[in-house]
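*Asks:* So you can see what is in the structure, the chains are spelled out below.
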Amino acid sequence: MVLWIVFAVLTGLAILAVLVPLTRATTRVSEPDRSDRDSDIAVYKDQLREVEADLERGVVNADEAEAARAELGRRLLAADRQARTLGGAASLARPVAVAVILLVPLFSLGAYLTLGSPNMPGQPLAARMDVSPGTSPGGTPQGQDIGGLVAQVERHLAAQPEDGEGWEVIAPVYMRMGRFADATRAYANAVRLLGSTAPREANLGEARVALANGLVTADARAAFERALALDPADPKSRYFVALAARQDGETNKAERAWQALLAESPADAPWRPLVVQRLAELGVEPESAGINNRDLDSRGLDSRGLDSPAPRGPSAEDMAAAAQMSAEDRAAMIAGMVQGLADRLAEDGSDLDGWLRLARAYVVMGEPDKARQALSSARENFPGDTEEGARIDDTAKTLGLDQS
Amino acid sequence: MIPEIGHYALVLALTMALVQSVLPLWGARRGDAGLMATGASTAYAQLLLVLVAFLALTTAYLQSDFSVLNVVQNSHSAKPLLYKITGVWGNHEGSMVLWVLILVFFGALVAIFGGNLPEGLRATVLSVQAWTTAVFLLFILATSNPFVRLSEAPIEGTDLNPILQDPGLAFHPPLLYAGYVGFSVAFSFAVAALIEGRVDAAWARWVRPWTLAAWCFLTLGIALGSYWAYYELGWGGWWFWDPVENASFLPWLSGTALLHSAIVMEKRNALKVWTVLLAILTFSLSLLGTFLVRSGVLTSVHAFATDPTRGVFILLILVFAVGGALALFAWRASSLQSGGLFAPISREGALVLNNLLLSAACGVVLIGTLYPLALEAVTGQKISVGAPFFDATFAPIMVPLLLAVPFGPMLAWKRGDLYAASQRLFAAAAIALVCMIALYAVVSGGPVLAPFGIGLGVWLILGAISEITFRSKLFSGPLSTGLRRAAGLPRAAWGTMLAHAGVGVTVIGIVAVTAYEREEIVSMKPGDTLDIGGYELTLDGFAPREGPNYSDTVGIFTVRRGGAEIGRLEPARRVYVATGMPTTETGIRTQGLSQLYVSLGDAGSEGAMAVRAYYKPLVTLIWLGPLVMVIGGVVSLTDRRLRVGAPRRAKASEKPIQPAPAE
Chain A
13 MVLWIVFAVL TGLAILAVLV PLTRATTRVS EPDRSDRDSD IAVYKDQLRE
63 VEADLERGVV NADEAEAARA ELGRRLLAAD RQARTLGGAA SLARPVAVAV
113 ILLVPLFSLG AYLTLGSPNM PGQPLAARMD VSPGTSPGGT PQGQDIGGLV
163 AQVERHLAAQ PEDGEGWEVI APVYMRMGRF ADATRAYANA VRLLGSTAPR
213 EANLGEARVA LANGLVTADA RAAFERALAL DPADPKSRYF VALAARQDGE
263 TNKAERAWQA LLAESPADAP WRPLVVQRLA ELGVEPESAG INNRDLDSRG
313 LDSRGLDSPA PRGPSAEDMA AAAQMSAEDR AAMIAGMVQG LADRLAEDGS
363 DLDGWLRLAR AYVVMGEPDK ARQALSSARE NFPGDTEEGA RIDDTAKTLG
413 LDQS
Chain B
447 MIPEIGHYAL VLALTMALVQ SVLPLWGARR GDAGLMATGA STAYAQLLLV
497 LVAFLALTTA YLQSDFSVLN VVQNSHSAKP LLYKITGVWG NHEGSMVLWV
547 LILVFFGALV AIFGGNLPEG LRATVLSVQA WTTAVFLLFI LATSNPFVRL
597 SEAPIEGTDL NPILQDPGLA FHPPLLYAGY VGFSVAFSFA VAALIEGRVD
647 AAWARWVRPW TLAAWCFLTL GIALGSYWAY YELGWGGWWF WDPVENASFL
697 PWLSGTALLH SAIVMEKRNA LKVWTVLLAI LTFSLSLLGT FLVRSGVLTS
747 VHAFATDPTR GVFILLILVF AVGGALALFA WRASSLQSGG LFAPISREGA
797 LVLNNLLLSA ACGVVLIGTL YPLALEAVTG QKISVGAPFF DATFAPIMVP
847 LLLAVPFGPM LAWKRGDLYA ASQRLFAAAA IALVCMIALY AVVSGGPVLA
897 PFGIGLGVWL ILGAISEITF RSKLFSGPLS TGLRRAAGLP RAAWGTMLAH
947 AGVGVTVIGI VAVTAYEREE IVSMKPGDTL DIGGYELTLD GFAPREGPNY
997 SDTVGIFTVR RGGAEIGRLE PARRVYVATG MPTTETGIRT QGLSQLYVSL
1047 GDAGSEGAMA VRAYYKPLVT LIWLGPLVMV IGGVVSLTDR RLRVGAPRRA
1097 KASEKPIQPA PAE
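From first to last, the protein sequence lines stand for chains A and B.
Numbering of the first sequence is given in my numbering, commencing with residue 13 and proceeding in unit increments.
Numbering of the second sequence is given in my numbering, commencing with residue 447 and proceeding in unit increments.
Any given hint could be a false lead.
Output of the computed footprint for chain A on chain B, the stretches with three or more beta carbons under 8 Å from beta carbons of chain A [as the list claims (entries may be wrong)]: (1) 493-506; (2) 586-595; (3) 685-696.
Stretch by stretch, here's where chain A covers chain B in the computed footprint (C-beta under 8 Å, at least three residues) [unchecked claim]: (4) 465-476; (5) 480-490.
20 Å max Cα-Cα, derived SDA-like pairs, lysine to any residue [unchecked claim]: (6) B:Lys919 x A:Thr23; (7) B:Lys919 x A:Asp75; (8) B:Lys919 x B:Ala939; (9) B:Lys919 x A:Ala77; (10) B:Lys919 x A:Val72; (11) B:Lys919 x A:Asp66; (12) A:Lys57 x A:Gly24; (13) A:Lys382 x A:Asp363; (14) A:Lys382 x A:Phe394; (15) A:Lys57 x B:Gly561; (16) B:Lys971 x B:Asp1048; (17) B:Lys919 x A:Glu359; (18) A:Lys57 x B:Ala648; (19) B:Lys919 x A:Ala74; (20) A:Lys57 x B:Gly560; (21) A:Lys382 x A:Glu359; (22) A:Lys57 x B:Asp1048; (23) A:Lys409 x A:Glu359.
Calculated directly from the structure, the hints in this document are not laboratory data.
Only a predicted model underlies this, so the values are computations on that prediction, with no experimental measurement involved.
Built from N, CA and C at the ideal position, the CB exists for glycine as well.
From just these sequences and the hints, can you work out the full model?
*Replies:* Here's what the structure looks like:
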């Protein structure tokens, strides 16, 4: 409401700015030829006075003053000759006033309503910070709250930048939010303030890798090496040092390191699938016994190498993040990715490979009914006796979903 | 609510501009006082409305209101207060609002101070000014709206381009825009004169001070921009002939020409047509500059083609403004009466020479700036036109101009005496020559032409001073009378002297740095020492340092001269938190007029770091010169006298110069 009152006041002022001079000056219709010539003559008379003043001050001498006067005299005569004839005209004040009163608000409001968002309140940051979690207006409440909490922690850290615990708490949150630069800084501060430990250094290195789009930079590698100096068994650092070797083209070294990591890892270690997948990318079978990679079918999740980015797949960082998560978190992450795939296919069902991958994923997650559902949706999208149909049937058979 | 008020105010300002572009002009044609009177009040209304819009946007920045897209894209809650404010115009949308704010401010000034203008002329000028305002407001609302809202406000913004987070940026664009936009007044006057078909006496009185004010702002803006590039970019250069720099230099060159031809017009009623044309060209070059910088055409012609809305819009503005004004000029110029006559050797003649050389220089810079763009657009070939081209073309035009500058004020109006002028300048020329020879004797090394360049600077300064000493007859009587007479000289004369001397100061700075600079690029470890220009720089070590929204790696240098410690330099590599973008912070130490300049490069192995160190003799003169020029301009602006060029009568030169009246 206040907004509309302000609009009305502004519009009123604008209209008055036109109407007041329009109606006030209307009583006299000027004679432009007179006024123009008068103003010229006034200027020349001023100039003549100026010449006198200059002469008195001694800036010009008598001869120069005389010449200047003659020059001005010539200009005065010329100005007289230039008089124009333009008759006075009937006043247009009334029709113009009506047009202004109608058109100014009409045009302004029309243009504003197509461009503006009058119903949207301003959201100054300070005001949003004061709102307690859960009651924040608009937007997705939960997302807003996490963002708000992060912002509150940030505020705290801005005030007390030496609080190492605070940095350590917020760092993994930054990683999840994809704010890798902030995560790197937070981990670096944690290391600086709380001291160097293997997990902290490894996390710092990982954040740096994520920041460099999956590339193990010299900085990141230095962090991993510091971690390994503190704890030679630290799996995350071992994994990334091997990845660095692979990125340097030392495939054999990378392979040996990953094989060793697998051999020394427990069968249910969360990083196992990732390592197995890396080895698969090198075209190598894992040597170590007790391989337990069935819970994460590498083909089913279609992870990709760093060199061949494919749309919509999880990134190397996601995989790295998966490696360090607890089993529950990882299951949730996979479920989220599968749900994303399902949503996409519901919108656009023309991706056959997508359907097959979705079915496999559901089987892996122990939900054969959903897998069947996915395959039948795929058949609806690829009806008839085609090659695609044959592939769908084949997949159903291999997954043990054949209903016939 | 506040952003929406700003948005509505901007739309309403557009409406007012449309009203103003029609009613006063119509009134002037019909002779209707009521319609003409709406010109002034709508100008005030526009100033008020655009100010409301600008303040609303500033408030959104100060409050970090991330429901405004523009704020999200260019601000961050952790940014220091100063950069929250400068962030308002540190981006395309906000800077266009500032552009229009200055435009309507000048429009309101015309309305306030235009009381002594003929009513018809004032109304027409205000209408023409409103055309420009309306077109730019339309541009903002249609393609660059700063008040676009987000329904889900993010919790944090993406920060301002870190290279722009600098005090230099706080003042550079507003000054530059005040310069660009100030020329719009001269443009509006020129177009109004063409529409009216005559140049009033008041016209001439008006154009010079407006041009001078705009010129002062532009000079300051360019000098500040140059100094900003010098210390922020870390390359040690102060002018790169970069298209963005040229874009501001072009209107400066033609604006300087306009300033001088406006003097002729004001004093002698001559050169009317040429002044009108220059006024149109100067503002056209300002628009061209805006187009080059704002359309994205500079980054790549192809980038421009991929998102052409903005660029095409500004291009259309450019075509209509320039094409329309020039067509009007072609049509109406013949109806303007030409004024006083003058001999080739005269003050007017000297100013015409100045105009010709400045216009030629302007043309050269224009070609050097646009040719690569045209070539890329036509053939796809990318070339860069840099310093070698401009050294070979721009310098040869400027040297004769600078040689001629001291003669101009020495010549009389209408018909001058070159021989007498030369005699008066004899002392200045002799001292400049001695300086030149002394430099040849003392300095070994450096380019052969360098002492000549320094001598040229000395000639300009002394030539400017000679004019004052001659006019006040300082040495032809008791010193006290001479000084009193000098103080009594019109302030415009002092302004001329300061502005011309400022050019000399700049020339000396440029030549000294170009010819005698020392540069070292080495890899240094803590403990290493570097000798440069008679100073020893010792790298004590590196230290981290946290700022409000950045973290620095500072290199700490101790500066010694002859073993004695004279200070410290702390250049840094800075990384901004939000963008992760690294920038350099140079360490600069001013010794007298010279500077030591150190910037850090990339980190090498084993704790070493690349270090660029420069010793720049007399470098500060490059920016002190423009400052002196601007002071000259301001002094001249305070001279509110009416001017009449007092021509010397043909036989006057035979008479002895009259003694000054006893005071």
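*Asks:* Each hint: holds or not?
*Replies:* Now for the hints, and whether the structure bears them out:
1. 493-506: holds (count 4)
2. 586-595: The restraint on the region 586-595 of chain B holds, since 4 of its residues have a Cβ under 8 Å from chain A and three suffice.
3. 685-696: This one is violated; 0 residues, fewer than the three required, reach chain A with a Cβ under 8 Å.
4. 465-476: With 4 residues close enough to chain A, the hint holds.
5. 480-490: Holds: 9 residues of the region 480-490 of chain B have a Cβ under 8 Å from chain A.
6. B:Lys919 x A:Thr23: violated (62 Å)
7. B:Lys919 x A:Asp75: holds (18 Å)
8. B:Lys919 x B:Ala939: Since the Cα atoms of lysine 919 (chain B) and alanine 939 (chain B) sit roughly 14 Å apart, the hinted pair holds (cutoff 20 Å).
9. B:Lys919 x A:Ala77: Between lysine 919 (chain B) and alanine 77 (chain A) the Cα gap is close to 19 Å, so the pair holds against 20 Å.
10. B:Lys919 x A:Val72: holds (13 Å)
11. B:Lys919 x A:Asp66: holds (16 Å)
12. A:Lys57 x A:Gly24: At roughly 43 Å apart (the allowed maximum being 20 Å), glycine 24 (chain A) and lysine 57 (chain A) break the hint.
13. A:Lys382 x A:Asp363: Satisfied, since the Cα-Cα distance of roughly 18 Å is no more than 20 Å.
14. A:Lys382 x A:Phe394: holds (18 Å)
15. A:Lys57 x B:Gly561: Roughly 17 Å separates the two Cα atoms, so the pair holds.
16. B:Lys971 x B:Asp1048: holds (13 Å)
17. B:Lys919 x A:Glu359: violated (91 Å)
18. A:Lys57 x B:Ala648: holds (12 Å)
19. B:Lys919 x A:Ala74: holds (17 Å)
20. A:Lys57 x B:Gly560: holds (18 Å)
21. A:Lys382 x A:Glu359: OK: lysine 382 (chain A) and glutamate 359 (chain A) at ~17 Å, within 20 Å.
22. A:Lys57 x B:Asp1048: violated (70 Å)
23. A:Lys409 x A:Glu359: violated (26 Å)
In the structure shown, a violation is registered for the earlier hints numbered 3, 6, 12, 17, 22, 23, in ascending order.
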